[in-house]
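One-letter residues, chain by chain:
2 protein chains.
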Amino acid sequence: MLNLMKPVADTEICSLEASIGRVLSSEVISSADLPGFPRAAMDGFAVRSLETRGARPSAPVYLHHFLAVRTGMAVPSDFDAVIMLEDSVRRSDLLEVRTEMRPGRNVSTAGEDIRRGDVAFRKGHRLRPPDLAFLAALGIEDATVFRRPRVAVIPTGGELVRCGARELRPGEAYEVNGLMAQLYVRLWGGLPFRHDIVPDDKMQISQAVESGLHADMVILIGGTSVGERDYAPQVLDDLGELLVHGVRMQPGKPTSFGQVADKPVICLPGYPVAALSALYLFVRPAVKRMAHLPEEQPKKLARLSRKIASKAGYESIVRVALRGEEAEPIMASGAGILSSVARADGYVVVPEELEGLEAGEEVEVNLFE
Amino acid sequence: MLNLMKPVADTEICSLEASIGRVLSSEVISSADLPGFPRAAMDGFAVRSLETRGARPSAPVYLHHFLAVRTGMAVPSDFDAVIMLEDSVRRSDLLEVRTEMRPGRNVSTAGEDIRRGDVAFRKGHRLRPPDLAFLAALGIEDATVFRRPRVAVIPTGGELVRCGARELRPGEAYEVNGLMAQLYVRLWGGLPFRHDIVPDDKMQISQAVESGLHADMVILIGGTSVGERDYAPQVLDDLGELLVHGVRMQPGKPTSFGQVADKPVICLPGYPVAALSALYLFVRPAVKRMAHLPEEQPKKLARLSRKIASKAGYESIVRVALRGEEAEPIMASGAGILSSVARADGYVVVPEELEGLEAGEEVEVNLFE
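Sequences listed follow chains A and B, in order. Each residue of the first sequence is one higher than the one before, counting from 197 in this note's numbering. Each residue of the second sequence is one higher than the one before, counting from 197 in this note's numbering.
Please note that a few of the clues may not be correct.
Note: identical chains are not told apart, hence a pair may lie in one copy or across any two.
Cut-off 25 Å, straight-line C-alpha distance, at most; resulting in silico cross-link-like pairs (DMTMM-like, lysine to aspartate or glutamate) [said to hold, decoys possible]: (1) 503 - 308; (2) 398 - 560; (3) 449 - 282; (4) 319 - 229; (5) 507 - 282; (6) 496 - 524; (7) 496 - 541; (8) 449 - 308; (9) 495 - 521; (10) 319 - 522; (11) 449 - 565; (12) 495 - 541; (13) 319 - 492; (14) 449 - 548; (15) 507 - 560; (16) 319 - 541; (17) 496 - 560; (18) 319 - 524; (19) 319 - 282; (20) 449 - 541; (21) 507 - 554; (22) 449 - 283; (23) 398 - 308; (24) 507 - 549; (25) 319 - 521; (26) 507 - 308.
It should be emphasised that the hints constitute simulated quantities derived from the structure, not laboratory data.
This is chain A alone, in the form it adopts within the complex:
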């Protein structure tokens, strides 16, 4: 699947403030020396090192030519060292120096941080606040970064009602997966576009998918199973290619994947906990790949407080709550139980060849962001 996720090649120009977390689309070369002049690395007095020769506490040297400087201030070219306040005493227009200074002492040379023409950042660098500060120091006001991958999020289901639109009637539920997918896509570096709820109608789902092809990726939620009214896989098959229909993962088995007009389409199951598993296992690496971001996920090692049972042949995604160094599996009967996620700090993956994990085993907890 990941091989079909093409990192976005388009670029855009953002102000430094708006560039946080974004990825540079080309290297940045410094157009100037930084600092642009020799500067004082200490508060003190700029002196000529030659004139301090032999100075020591018992035999100080007295200078006529010196300049009070503060840290960061330019050191004029006729001086080559800065003597600390502690090692000198100003006596009206004379400076008493009690220690010999080496040339360059306490002076930062021009270009010490970076020289004109040197590479400040390589292509693909993710911009953090100190990086943006460095760009500002170079006098650069905006950054050329990769455009964020656009992701169309399409929730489907005749029983769904937009949250807050009205009271629910029996058999109805508020739409939640679209919101969850939208928020995660944004968190993972994508730009989500949430479509209105689409009823269980093959034609309308087809139209929604086609309208989503303006994006770089489509996430179609619900109707991914094998029932006659599970239109998502059929729509993929009709409009393009259904590459995977169902995965050996629990929850999240109906997760499917295909391609329409060269755009990847990921189908998420309608049950929220299954959708969450599929978001983490499939959508996260997909969006990160397209956004030129590392896939690495925040993790924490912990020991299982209780055993986990799982079905062999399925990779099991088990929610856990962290209690100090222990990970407590959250037992919840179904993939529809969102309250179980509210109590979870992350999830543990039980490999498909195992039938569970024992209490006390060390596990890697993937933290929910």
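Go by the hints and put chain B onto chain A.
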């Protein structure tokens, strides 16, 4: 210092989309059962379990009364189980059932996820996408969260020029610490207000600090050392109380701290790498505390590729680059060298009682966000 950082008590109401990462200021009670009705946990047929008694493949039972249901659909009250498609065959108006069903089989009861009156979230819960989905499922359209701590960021320094405003003259530098502080404050859960650059003038710095008291915290940058023109500590002393002037940390020694009109004021050194250290060691926990967020920082264990030398009596903040499992110390002569941070993935803290760390030692790398 942290004891003076009062978590913000004010609250505000945010849409679910805008509530990501925010902290609930009160518990959330469910006003309804979720689901609000018994629902099918499988695609199949709703049946009366009583009527399936004794059914087995060799002796199927035929039902007149059944209803085709899809996962998540309401199961009407005259049915109490759902039989999977695989265990039944529809024969025109009869359903052939080959397995006995227990009452409640494949039916999620009303209130299975959460019951009316139960606590959905406790006060202080940080809202992640699945939490917001859970709120949406309960029909809740917005969240009452703690207001973000307002942080006034005041850069000072006569040599500073706003990035991009004009070419630098000798002795000048573009202002970068204000931008860095602003971006980190936002990342750490605060709401930054960046003041224009203030020259090295005691009166103007005083006025800027006073104008910053609309915020919950003030960050004053530059002029924190012991020179006669280092006004930050003097201003704190005049307007309020200077509690700490200098810390045993390297870089970042001039970091100071005080209180004006009951508002904490943190003074950061003007050298960018020193400012960065102080941001991580002091501002981060302060903002997180005020924002009701955990202080825990992303970390990674690694082995030092080379020894680190440090000054005993000072806690040393050493930038490192990660190369696989190894942490490579970045040797840079001064606290002004921002290019060294561009190459760094995080920092290692060498405790003040040590004079360094040996190559091969395992260290905890605090990752730069």
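So, going through the hints one by one against the coordinates:
1. In the homo-oligomer, the alpha carbons of residue 503 and residue 308 lie at most 25 Å apart only across protomers (23 Å), although the nearest pairing inside one protomer, at 57 Å, exceeds that limit.
2. For the identical chains of this complex, residue 398 and residue 560 are neighbours neither inside a copy (41 Å) nor across copies (54 Å), given an alpha-carbon limit of 25 Å.
3. In this homomeric assembly, residue 449 and residue 282 come within 25 Å of each other (Cα to Cα) only across copies, at 17 Å, whereas the closest approach inside a single copy is 72 Å.
4. Taking identical chains as interchangeable, the C-alpha atoms of residue 319 and residue 229 lie at most 25 Å apart only when both belong to the same chain, with a minimum of 21 Å there against 52 Å between chains.
5. Taking the shortest alpha-carbon separations for residue 507 and residue 282, only the inter-copy value of 19 Å comes in at or below 25 Å, while the best intra-copy value is 73 Å.
6. In this homomeric assembly, residue 496 and residue 524 come within 25 Å of each other (Cα to Cα) both inside a single copy, at 13 Å, and across copies, at 23 Å.
7. Taking CA atoms no more than 25 Å apart as the test, residue 496 paired with residue 541 passes in both settings, with 10 Å inside one copy and 19 Å between copies.
8. Taking CA atoms no more than 25 Å apart as the test, residue 449 paired with residue 308 passes between copies only; the shortest distance there is 22 Å, against 57 Å inside one copy.
9. Taking the shortest Cα distances, residue 495 and residue 521 sit within 25 Å of each other both inside one copy (13 Å) and across copies (15 Å).
10. For the identical chains of this complex, residue 319 and residue 522 are inter-copy neighbours only, at 23 Å across copies versus 41 Å inside a copy, given an alpha-carbon limit of 25 Å.
11. Taking CA atoms no more than 25 Å apart as the test, residue 449 paired with residue 565 passes inside one copy only; the shortest distance there is 22 Å, against 34 Å between copies.
12. Taking the shortest alpha-carbon separations for residue 495 and residue 541, both the intra-copy value of 10 Å and the inter-copy value of 17 Å come in at or below 25 Å.
13. In this assembly of identical chains, residue 319 and residue 492 lie within 25 Å of each other by CA distance solely inside one copy; the values are 19 Å within and 31 Å between copies.
14. Taking identical chains as interchangeable, the C-alpha atoms of residue 449 and residue 548 lie at most 25 Å apart only when both belong to the same chain, with a minimum of 13 Å there against 53 Å between chains.
15. Taking the shortest alpha-carbon separations for residue 507 and residue 560, only the intra-copy value of 19 Å comes in at or below 25 Å, while the best inter-copy value is 37 Å.
16. For the identical chains of this complex, residue 319 and residue 541 are inter-copy neighbours only, at 16 Å across copies versus 34 Å inside a copy, given an alpha-carbon limit of 25 Å.
17. In this assembly of identical chains, residue 496 and residue 560 lie within 25 Å of each other by CA distance both inside one copy and across copies; the values are 6 Å within and 13 Å between.
18. For the identical chains of this complex, residue 319 and residue 524 are inter-copy neighbours only, at 21 Å across copies versus 42 Å inside a copy, given an alpha-carbon limit of 25 Å.
19. In the homo-oligomer, the alpha carbons of residue 319 and residue 282 never lie at most 25 Å apart, since the shortest distance is 45 Å inside one protomer and 54 Å across protomers.
20. Proximity of residue 449 and residue 541 under a CA criterion of 25 Å is satisfied intra-copy only: 22 Å inside one chain copy versus 37 Å between copies.
21. Taking the closest pair of Cα atoms, residue 507 and residue 554 come within 25 Å of each other only inside a single copy of the chain (14 Å); across copies the shortest separation is 47 Å, beyond that limit.
22. Proximity of residue 449 to residue 283 under the C-alpha cut-off of 25 Å is restricted to the inter-copy arrangement: shortest distance 20 Å between copies versus 74 Å within a copy.
23. Proximity of residue 398 and residue 308 under a CA criterion of 25 Å is satisfied in neither setting, with 64 Å inside one chain copy and 31 Å between copies.
24. Taking the shortest Cα distances, residue 507 and residue 549 sit within 25 Å of each other inside one copy (9 Å), while across copies they are farther apart (52 Å).
25. Taking the shortest Cα distances, residue 319 and residue 521 sit within 25 Å of each other only across copies (23 Å), while inside one copy they are farther apart (39 Å).
26. For the identical chains of this complex, residue 507 and residue 308 are inter-copy neighbours only, at 23 Å across copies versus 60 Å inside a copy, given an alpha-carbon limit of 25 Å.
In this structure, the hints that do not hold are numbers 2, 19 and 23, in rising order.
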